[in-house]
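S.K.: Chain by chain, the residues run as shown.
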Amino acid sequence: MSKAIIEHSVASETFNKDEPYVDWHDETLWFVRQKRDKSSKLLPEWEQLRETASGIKNYVLSHMDELLIAFEQKAKENGIHIHWAADAAEHNEIVLNLLKQNNIDKMVKSKSMLTEECHMNEFLSKSGIEVIDTDLGERIVQLRNEPPSHIVLPAIHLKKKDIGDLFHEHLGTEAGATDPQYLTEAARQHLRDKFLTRRAALTGVNFAIAETGGFVVSTNEGNADMGAHLADIHIASMGFEKIIPKQKDLAVFLRLLARSATGQPITTYSSHFKKPREGQEMHIIIVDNGRTTQLGRADFRNSLKCIRCGACMNTCPVYRRSGGHSYHNAVAGPIGSILAPNLDMTKNADLPFASTLCGSCSNVCPVKIDIHDQLYKWRQVLVKGGHVPQAKELGIKAMSVVLSQPRFYQWSGRLGRSLMRTIPFVVNNGMNPWFKQREMPEPPKESFRDWYIRNRKE
Amino acid sequence: MTSREKILQQIKLNKPAETPFPETTRFDSLYENTEEKFIETLTAIYTEVIVVKDLAELARKADELYASVANRATTIPALSNWADFSLNNPDPHALELIEIAILQAEFGVAENGAIWISDAHLPHRALPFITQNLAFVIPRKAIVNNMHDAYERLTETTGWGCFISGPSKTADIEQSLVIGAHGARSLVIFLLEEA
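Just so you know, the sequences run in chain order A and B. Using my numbering, the final residue of the first sequence is 458, and nothing's skipped along the way. Using my numbering, the final residue of the second sequence is 195, and nothing's skipped along the way.
Derived by calculation from the structure, the hints in this document are not laboratory data. From a predicted model like this one, the values you see are computed outputs, not experimental measurements. Errors might be hidden in some of the hints.
Stated by the list, open to error - Within a straight-line C-alpha distance of at most 20 angstroms, the following computed SDA-like cross-link-like pairs (lysine to any residue) qualify:
1. B:Lys37 to A:Gly290
2. B:Lys37 to A:Leu196
3. B:Lys6 to A:Gly290
4. A:Lys38 to B:Pro90
5. A:Lys368 to B:Glu23
6. A:Lys275 to B:Pro90
7. A:Lys41 to B:Ser3
8. A:Lys76 to B:Ser3
9. A:Lys35 to A:Lys445
10. A:Lys305 to A:Lys76
11. A:Lys74 to B:Thr155
12. A:Lys248 to B:Val144
13. A:Lys445 to A:Phe408
14. A:Lys275 to B:Leu30
15. A:Lys159 to A:Ser362
16. B:Lys6 to A:Ala88
17. A:Lys76 to A:Ser54
18. B:Lys6 to A:Ile94
19. A:Lys305 to B:Lys37
20. A:Lys368 to B:Gly159
21. A:Lys248 to B:Glu40
22. A:Lys377 to B:Pro16
23. A:Lys126 to A:Glu93
24. A:Lys41 to B:Leu30
25. B:Lys6 to A:Ser62
26. A:Lys74 to A:His63
27. A:Lys248 to B:Ser29
Next comes chain A alone, as it looks inside the complex (with noise of 0.2 angstroms):
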């Protein structure tokens, strides 16, 4: 969906509006990040496994030619047909291409947050295709005519209340109704009828192997594979850093996957497709839409390393309590702050400045992306280049000119604090942003520079 850009900070003030509701979506993935944290813990290995994916990833980003040429050759000579797509706008044609050549206009599709990046479903829907999105929480939000709010949990920011009103409204189902059990056979009924009846079936790619020239998808509700083992055509939409070299690499990945995301062993199913059943066609789509940009920023090419397990999130103070859609990206959180400005900066200029820069996103991260330092670089960056509103640019200059003059440096803090002691209205009061949900803190008597003097001198 294309809307207009609202800041992060703006959209974030709105959702930050009902208290309790801001409460219990901090606490709902502080929960999904402890069980992360236990599941974790039962692998005496972790940190190993953690250091070994991250190995294997920065071989993958210096050999990324060769094993996507690999793959390619392999996928070819198992009968899957290879489409190569530069950017957002050509995936979308070779999807609708496709569909046309076989006369099929209503596809199913499991989570793919690659097609949410090229904002596929609504291109398609222009062209008189219907995407029917197969995940429940992927589906509800389809619903609600809203892109999802998290990369693993889509609809992690409804109550089952806003669930059961669109159930009713949509569905059928009795009016008032909230019972998750209730709601989820709604859904299944509704889908399976989708499943049955649809020729064409999109997936996304969990990681796709340069040996075997096959590739993985891992979902919990067999969505996936309900899709595309009924359809006569599979397609399978891949971002190209999603190759991996070997087979036998998949046990470092599959073990860390699941356990990152949602604290589960392994998710439910992970299908290996290698070749097409018979009778059936599958079409691999490789994007690049600025990947290969991301590749050669030193700085920031450490972000095509994520599995998308959404870790990151789960564990940000800013995403837990400014909820997903305030990030206006495919992919929010952490990771989307720093893959966003490469597709665009001017109108993901505010992304990297939504974190707190505590690093928790680094620690948790089961592929050892320098997450917090990537939004640190961001910055400085997207300041340089102009991309930041004048105001923050302003403030930053100013603080470039105290920071740099001691003298004026003591003078001022001379004053604030003298200024904050006798009449305190001036800092607590709403044109100061710091004072927002906070107390201002008590000024000291002198400054620490003062007392270090006076102490040594005596």
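Knowing the structure of chain A, use the given hints to seat chain B on it.
M.R.: Here is chain B on its own, set in the frame of chain A:
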């Protein structure tokens, strides 16, 4: 220039300096008893594990467990009397009617309770997903420690295969766990002592 050439050329220009492949990529898991660990993991994800001595006991158990169920299918010849649904129809959509399928699977993984099933033993890839209820039969000896061991067994894979760990589930409605999203609503594992 095609998009393929453009992408590959850009990658070549932009990729970082050569990084070697990591030396260690596999780890040993030390479970005193892999079967115990396997059962413990599966029990925690709503899956029953039943040890049966031989195919005759499997048939008795199947009769007992699914006595009132119609539309039964199987890939195990010894259960052909038990099944009333033929898997001969080439159209996978026909499988929609199946209530219970007992399928031959290959091996299990103690660490995460995953069972490997592949089209080496399946007439239809859709079968383990479209059936309302599912049961796998694996040799009792075929339980490996962890995923590294699993992939050592999987050097020759077929056209399609899947690790399945428990019944289909979702927690998309306020993080409440619900069993039975799109795939099988229940899963039973039979560990077969002697084939």
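S.K.: All the hints need checking, so say for each whether the structure fits it.
M.R.: Tested hints:
Between B:Lys37 and A:Gly290, the direct Cα distance comes to roughly 45 angstroms. Violation of the 20 angstroms bound is thereby established for this hinted pair. At roughly 37 angstroms between alpha-carbon atoms, B:Lys37 and A:Leu196 are farther apart than 20 angstroms, so this suggested pair is violated. Our distance criterion of 20 angstroms between C-alpha atoms is met by B:Lys6 and A:Gly290, whose separation comes to about 12 angstroms. Among the hinted pairs, A:Lys38 with B:Pro90 is inconsistent with the structure: their alpha-carbon atoms are about 45 angstroms apart, more than 20 angstroms.
A threshold of 20 angstroms between alpha carbons decides the hint, and for A:Lys368 with B:Glu23 the separation of about 17 angstroms falls inside it, so the pair holds. Among the hinted pairs, A:Lys275 with B:Pro90 is consistent with the structure: their alpha-carbon atoms are about 18 angstroms apart, no more than 20 angstroms. This hinted pair does not check out: A:Lys41 and B:Ser3 have alpha carbons roughly 44 angstroms apart, beyond 20 angstroms. With a C-alpha separation of about 17 angstroms, the suggested pairing of A:Lys76 with B:Ser3 holds against the 20 angstroms cut-off.
With a C-alpha separation of about 46 angstroms, the suggested pairing of A:Lys35 with A:Lys445 is violated against the 20 angstroms cut-off. Under the criterion of a C-alpha separation no larger than 20 angstroms, the hint pairing A:Lys305 with A:Lys76 is inconsistent with the structure, at around 25 angstroms. For the proposed pair A:Lys74 and B:Thr155, the alpha carbon gap of about 15 angstroms is at most 20 angstroms, so the pair holds. Among the hinted pairs, A:Lys248 with B:Val144 is consistent with the structure: their alpha-carbon atoms are about 15 angstroms apart, no more than 20 angstroms.
Of the supplied pair hints, the one linking A:Lys445 and A:Phe408 holds, its CA atoms being roughly 19 angstroms apart against a limit of 20 angstroms. Straight-line distance between C-alpha atoms of A:Lys275 and B:Leu30 comes to about 35 angstroms, which puts the hinted pair past the 20 angstroms bound. With a CA separation close to 29 angstroms, the supplied pair A:Lys159 and A:Ser362 exceeds the 20 angstroms bound. About 15 angstroms separates the Cα atoms of B:Lys6 and A:Ala88, which keeps this hinted pair within 20 angstroms; it holds.
Taking the CA atoms of A:Lys76 and A:Ser54, the gap is about 29 angstroms. The hint is violated against a cut of 20 angstroms. At most 20 angstroms may separate the alpha-carbon atoms for a hinted pair to count; B:Lys6 and A:Ile94 meet this at roughly 17 angstroms. Using a Cα cut-off of 20 angstroms, the hinted pair A:Lys305 and B:Lys37 is violated, with the two alpha carbons roughly 32 angstroms apart. A hinted pair counts as satisfied when its Cα atoms are at most 20 angstroms apart, and A:Lys368 with B:Gly159 does not qualify at roughly 33 angstroms.
For the hint linking A:Lys248 to B:Glu40, the alpha-carbon distance of about 25 angstroms lies beyond 20 angstroms, and the restraint is violated. A threshold of 20 angstroms between alpha carbons decides the hint, and for A:Lys377 with B:Pro16 the separation of about 18 angstroms falls inside it, so the pair holds. Proposed proximity of A:Lys126 and A:Glu93 is supported: the alpha carbons are some 12 angstroms apart, at most 20 angstroms. A threshold of 20 angstroms between alpha carbons decides the hint, and for A:Lys41 with B:Leu30 the separation of about 15 angstroms falls inside it, so the pair holds.
Between the alpha carbons of B:Lys6 and A:Ser62 the distance comes to roughly 18 angstroms, so the proposed pair stays at or under 20 angstroms and holds. A threshold of 20 angstroms between alpha carbons decides the hint, and for A:Lys74 with A:His63 the separation of about 17 angstroms falls inside it, so the pair holds. Between A:Lys248 and B:Ser29 the CA atoms are separated by roughly 16 angstroms; this keeps the pair inside 20 angstroms, and the hint holds.
Going through the hint list in order, the structure does not satisfy hints 1, 2, 4, 7, 9, 10, 14, 15, 17, 19, 20 and 21.
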